[in-house]
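Undergrad: Those sequence lines, one after another, are chains A and B. One point on numbering: in my numbering, the residue at position 57 of the first sequence is 57, and numbering is uninterrupted. One point on numbering: in my numbering, the residue at position 50 of the second sequence is 50, and numbering is uninterrupted.
Hints listed in this document are in silico derivations from the structure and should not be mistaken for laboratory results. Possibly wrong hints are sitting among the right ones.
In this list, chains with the same sequence are indistinguishable; a pair is considered to hold if it fits within one copy or across any two.
In silico BS3-like cross-links for lysine-lysine, where the CA-CA straight-line distance does not exceed 27 Å [unchecked claim]:
#: 1; residue 1: 60; residue 2: 19
#: 2; residue 1: 60; residue 2: 2
#: 3; residue 1: 2; residue 2: 19
If you're wondering where the values come from, they're calculated on a predicted model, not measured in any experiment.
Chain by chain, the residues run as shown.
There are 2 protein chains.
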Amino acid sequence: MKANIIIRLKKNILDPQGKAVHHALSDMQFGDVEEVRIGRFVEMVFNHNNREQAEEETRKICDKLLANPIMEVYDYTIED
Amino acid sequence: MKANIIIRLKKNILDPQGKAVHHALSDMQFGDVEEVRIGRFVEMVFNHNNREQAEEETRKICDKLLANPIMEVYDYTIED
């Protein structure tokens, strides 16, 4: 199984990296862009085909290692 | 419109950050994980509702600023 995880900053947390990209886009004449927020994308490949187990492990790994629960939220999908 | 962009390293490019996470997971007894690859996730909000224009701008912005075409590939979805 494979997990695709998206980790993003909570809405109320300032994102200086996103602000910097937004600023660069304004300089490059992409004035249509109103806001940019930057997060992380993590792919994890499991050595088994048990979807439930992959989901449970993905949640545990996000909670314990990948995401900072104070500042971040995560979503994931599991695929074969 | 809003663009959700995933940028990942090409398959043949070494990912030291992913290796470090994989190593940490082994230490934490998550031995079921075979491979970890880390990428970036970018959300861009446009100040208009023209889907075609948003797609075109997203591609241009990825090509010119967000992704390194030598080492990275990107995918995106556009939503209302």
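Undergrad: Work down the list of hints and note, for each, if the structure agrees.
TA: Now for the hints, and whether the structure bears them out:
no., hint, verdict
1, 60 - 19, "between (31 Å within a copy, 19 Å between copies)"
2, 60 - 2, "within (15 Å within a copy, 30 Å between copies)"
3, 2 - 19, "between (32 Å within a copy, 16 Å between copies)"
Checked against the numbered hints listed earlier, the structure breaks none of them; every hint is satisfied.
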